[in-house]
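J.: Protein chains in written order, with UniProt numbering: chain H, 1 to 157; chain B, 1 to 157.
None of these hints come from the bench; they were simulated from the model. The reader is advised that the hints may include incorrect statements.
[As the list claims (entries may be wrong)] Per the computed footprint, the stretches of chain B lying under chain H, defined by three or more beta-carbons under 8 Å from a beta-carbon of chain H, are:
no., region
1, 12-23
2, 74-88
3, 116-125
4, 138-147
[What the hints assert, rightly or not] FRET-style restraints, in silico, Cβ to Cβ:
no., chain 1, residue 1, chain 2, residue 2, range
5, B, Pro94, H, Asp78, 34 to 40 Å
6, B, Pro94, H, Lys98, 56 to 62 Å
7, H, His120, B, Glu135, 51 to 57 Å
8, B, Asp78, H, Gly23, 35 to 41 Å
9, B, Trp49, H, Ala71, 15 to 21 Å
10, H, Glu65, B, Ser44, 19 to 25 Å
11, H, Ala2, B, Ala108, 38 to 44 Å
12, H, Ala2, B, Arg125, 46 to 52 Å
13, B, Trp49, H, Val3, 20 to 26 Å
14, B, Ala70, H, Gly133, 18 to 24 Å
15, B, Arg92, H, Ala71, 29 to 35 Å
Heads up, the beta-carbon is just placed ideally off N, CA and C, and yes, glycines get one too.
Each chain, written out:
Protein chains: 2
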Amino acid sequence: MAVEIERKFLVISDGWRAGADAGRILRQGYVAHDGDASVRVRLSGNEAWLTVKSGRTGLVRDEFEYAIPAADAAEMLDRLCADRVVGKTRYRVPHDGKVWEVDVFAGAVEGLILAEVEMHSVDERFDLPDWVGGEVTNDPRFRNSAIALLQGFETAD
Amino acid sequence: MAVEIERKFLVISDGWRAGADAGRILRQGYVAHDGDASVRVRLSGNEAWLTVKSGRTGLVRDEFEYAIPAADAAEMLDRLCADRVVGKTRYRVPHDGKVWEVDVFAGAVEGLILAEVEMHSVDERFDLPDWVGGEVTNDPRFRNSAIALLQGFETAD
Numbered sequence: 001m002a003v004e005i006e007r008k009f010l011v012i013s014d015g016w017r018a019g020a021d022a023g024r025i026l027r028q029g030y031v032a033h034d035g036d037a038s039v040r041v042r043l044s045g046n047e048a049w050l051t052v053k054s055g056r057t058g059l060v061r062d063e064f065e066y067a068i069p070a071a072d073a074a075e076m077l078d079r080l081c082a083d084r085v086v087g088k089t090r091y092r093v094p095h096d097g098k099v100w101e102v103d104v105f106a107g108a109v110e111g112l113i114l115a116e117v118e119m120h121s122v123d124e125r126f127d128l129p130d131w132v133g134g135e136v137t138n139d140p141r142f143r144n145s146a147i148a149l150l151q152g153f154e155t156a157d
Numbered sequence: 001m002a003v004e005i006e007r008k009f010l011v012i013s014d015g016w017r018a019g020a021d022a023g024r025i026l027r028q029g030y031v032a033h034d035g036d037a038s039v040r041v042r043l044s045g046n047e048a049w050l051t052v053k054s055g056r057t058g059l060v061r062d063e064f065e066y067a068i069p070a071a072d073a074a075e076m077l078d079r080l081c082a083d084r085v086v087g088k089t090r091y092r093v094p095h096d097g098k099v100w101e102v103d104v105f106a107g108a109v110e111g112l113i114l115a116e117v118e119m120h121s122v123d124e125r126f127d128l129p130d131w132v133g134g135e136v137t138n139d140p141r142f143r144n145s146a147i148a149l150l151q152g153f154e155t156a157d
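With the rest of the complex left out, here is chain H (with noise of 0.2 Å):
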């Protein structure tokens, strides 16, 4: 199992885009969502992953990470997921020794851009980039299995 310690924030501008790498296409959804895990599926190309996660939002979560035959995300994610599906492009921007993901998400949250950074540890300090806003990290509404659910949700940060 890996500890998952990570912060999300609501991107304010696009002042992100000139230090991003060129994005990858993620499809993701999810098998089964309960009140204690969520179990996900992501492909990208021809990779795929089964994800299991604590149900708790916030900070550190547990994570079980495992890589699967791209065939089977596929099937997964037609067959099992229904219309708990997100389609994103994850771009990764370098920004003060530490590397950020923002996703673009597309389809019925368009619009809608995330950024993350996973840290070492709960109280690791870091520069924020001025291109994020408010952070959403115990924001059960920006929950990528909330955002699935395409639950309604405000863009004010």
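Please arrange chain B on chain H, whose structure you already have, making use of the hints.
T.: This is chain B only, laid out in the frame that chain H set:
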């Protein structure tokens, strides 16, 4: 993906024990379970598997199964599956050219014994051993995920 075709029966006598192997103890739980799919973790000694199954009850189900580290499985059972864990001993019992699996459950459903047989096609014909009673293939109460939720059941066949 594999398609799992199996039939499940109540066990009505100890007649299977004479032909059974030594059995192996399994601990399994559901990390997530909702309308479309269930995700099961199963631990047997040093081996473990994560299995995604479509939510339908009955003869034919989609199944995606991956071997995972036993340590991961133990952590998931302890941390994510909460009270949805069942223990059972699984015996292999050859009968008339097929190998039946007889599950003797422990814990809250102690006393329950079920027999499963895997089929090559939905219309395969095979001989029923005299120690099986009523078929429960299509009875949602006898799905493993339902048993894990400790839902009530009656053993009348």
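J.: Provide an ascending list of the numbers of those earlier hints which the structure does not satisfy.
T.: Hints 1, 3, 4, 11, 14 not satisfied by this model.
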